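Model the full structure from these sequences, guided by the hints.
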Amino acid sequence: MELLVTYDVDTTTPEGERRLRQVAKTCEGIGHRVQKSVFEVVCTPPQRLHLEARLQGIIDPALDSVRIYHLDRGTFHNAKHLGAAVDAAHQEALII
Amino acid sequence: MADRVARAVHAVRALLTGGDLPPPVNDKRCHRCSLARTACLTAPGQPTCSHHALPETGLTELLRTLFATTPGTSLHLDGDALRIAHPDKPGRHLLPLIRLDHIVAWNGVSLTDDLIHRCAADGRSITWITRNGRFLARTSGPHTGNPHLRLAQVRTHDDPALRLTLAKTFVAGKLHNYRQLLLRAARDTTGTRQTRLRDTADNHTQALTQLAEATTLSETLGIEGNAARAYFQGLDQLAPGMATGRTRRPPTDLANCLLSFGYGMLRVSVHGALEQVGLDPYIGYLHGIRPGKPALALDLMEELRPLLVDRLVLTLLNRGQITDRHTQTLPGGAVQLTDEGRKTFLEHWSKARERPWPHATLGRDVPAALIPLTRARLLARHLRGTADTYQPWTIT
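So the protein sequences, as listed, match chains G and E. Under our numbering, the residue at position 62 of the first sequence is numbered 62, and the numbers go up by one with no gaps. Under our numbering, the residue at position 176 of the second sequence is numbered 176, and the numbers go up by one with no gaps.
Do not rely on the hints blindly, as some may be mistaken.
What the hints assert, rightly or not - Below 20 Å or equal to it, Euclidean Cα-Cα: the simulated EDC-like pairs (lysine to aspartate or glutamate) are:
#, chain 1, residue 1, chain 2, residue 2
1, G, Lys25, G, Asp10
2, E, Lys89, E, Asp78
3, E, Lys89, E, Glu340
4, G, Lys36, E, Asp78
5, G, Lys36, E, Asp80
6, E, Lys343, E, Asp88
7, E, Lys351, E, Asp365
8, E, Lys343, E, Asp253
9, G, Lys25, G, Asp8
10, G, Lys80, G, Glu2
11, G, Lys25, E, Asp114
12, G, Lys25, G, Glu15
13, E, Lys343, E, Glu354
14, E, Lys293, E, Asp158
15, G, Lys25, E, Glu340
16, E, Lys351, E, Asp339
17, G, Lys25, E, Asp78
18, G, Lys25, E, Asp80
Unchecked claim - Restraint-style ranges between C-beta atoms, simulated for each label pair:
#, chain 1, residue 1, chain 2, residue 2, range
19, G, Glu17, E, Asn318, 51 to 61 Å
20, E, Lys351, G, Asp72, 14 to 24 Å
21, E, Ser110, G, Gln35, 23 to 33 Å
22, E, Gly332, G, Ile96, 23 to 33 Å
23, G, Thr12, E, Asp88, 34 to 44 Å
24, E, His148, G, Leu63, 51 to 61 Å
In case anyone wonders, no lab produced these hints; they're calculated from the structure. Treat the numbers as computed from the prediction; the structure is a model and nothing was measured. Just so it is clear, CB atoms sit at the ideal spot from N, CA and C, and this is done for glycine as well.
Below you can see the structure in the form of structure tokens.
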């Protein structure tokens with residue numbers, strides 16, 4: 001399944017900055033960062049549940065928000081990028 | 001009550017001494033889901049769960065292989081992600097580990113201990129190879145605990161009749177697939193080239209007939225060797241402009257260089273598939289056992305070579321996608337791929353691994369990347385006695 005994960009974490013306090021880092025780290029473990037707080041994720045349904053549970057445990061429900069969009073298959077492939085956007089390597093060969 | 005307990009105890013004893021794995025009880029998991037990371041072998045007509053109604057690609061996400069070729073690159077573990085660092089490339093480059101099932105590192109690339117340990121724990125294998133694609137080392141976490149299978153593998157090796165049958169099966173698969181490749185090439189051409197290709201294909205047909213009557217292992221090897229020689233002598237017909245004949249250790253021309261590199265890549269994936277299934281890659285049937293020689297991996301490769309490697313290499317050569325400028329000749333006459341050439345080949349190789357191929361035994365299409373694994377599992381079934389025969393993977 002293809003997911004788009006975006007988040008807003010309140011960073012006015014040191015704890016908020018810590019939560020932001022943890023949310024980012026969790027997302028980096030499952031998807032590709034395409035903008036500062038936007039991740040493209042390709043995963044299986046169990047992995048999605050796992051991700052949701054972990055994010056739930058990190059954020060402060062009163063201050064932060066995470067949105068997870070479930071996209072149609074192939075959406076990432078068809079996405080159009082303008083400007084200094086990165087093209088996340090979901091399907092391409094991974095050769096470095 | 002006492003009677004029932006006694007019966008149950010008796011049944012458990014029989015199970016423990018029998019040496020056979022019982023079928024799963026009350027296991028409601030769909031085979032497809034529990035094996036989605038690997039390969040589902042559910043044949044058509046078998047009871048399936050609702051997930052099977054989904055389109056073939058609806059649920060499985062093909063995990064990918066990371067090829068780390070650039071010397072000086074180091075790979076690190078960063079949370080649940082893999083961080084790629086190279087002194088010339090600033091910035092943080094991250095890949096989610098969850099989407100990788102294999103890492104191939106050329107020498108000159110370093111991996112941190114943390115990353116290696118994490119991969120071992122997850123069962124994600126890492127292979128180290130030389131700049132020419134020769135196998136160096138491999139980690140794959142703990143061995144699969146399947147002693148019955150391993151014993152069955154050794155017992156089959158010690159039974160001359162069974163061993164010969166399997167060896168003949170591997171060769172038959174190879175000959176059949178090479179024949180298909182030759183006939184297909186012949187269809188797209190005319191004149192003497194077509195005639196010569198058809199002659200070589202006929203040669204393979206005869207070899208298949210001889211193979212059916214072969215009674216010893218050396219006879220089988222002889223038939224295979226003759227057919228292979230005929231095939232490589234006709235290499236200039238398959239890819240015009242190429243030298244004929246097979247050279248290796250080291251390859252001395254472009255076509256051989258690409259074939260060697262491709263076989264190396266295929267070997268990495270077959271070796272991994274065998275280990276994942278719990279078979280010992282070093283105890284084979286066609287290729288004699290010798291220390292350090294992954295005989296079973298070489299056996300299983302035979303039937304996969306023509307379609308998964310040769311055809312890709314021939315396509316690349318005929319389309320001019322890889323030419324002499326992608327190789328360099330060393331003073332001794334050895335030809336090897338340049339960094340650029342290696343990258344080009346791997347790009348095409350990765351794309352080719354996603355291509356679905358028909359799989360007659362399973363009755364559906366399987367991506368090239370998963371074919372070694374499905375073959376290894378079918379072989380394991382045969383060795384354990386669950387399947388009567390092992391049929392090579394062939395296409396018509």
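For this session: Would you list, in rising numerical order, the hints stated earlier that this structure does not obey?
Result: Hint 15 contradicted; others consistent.
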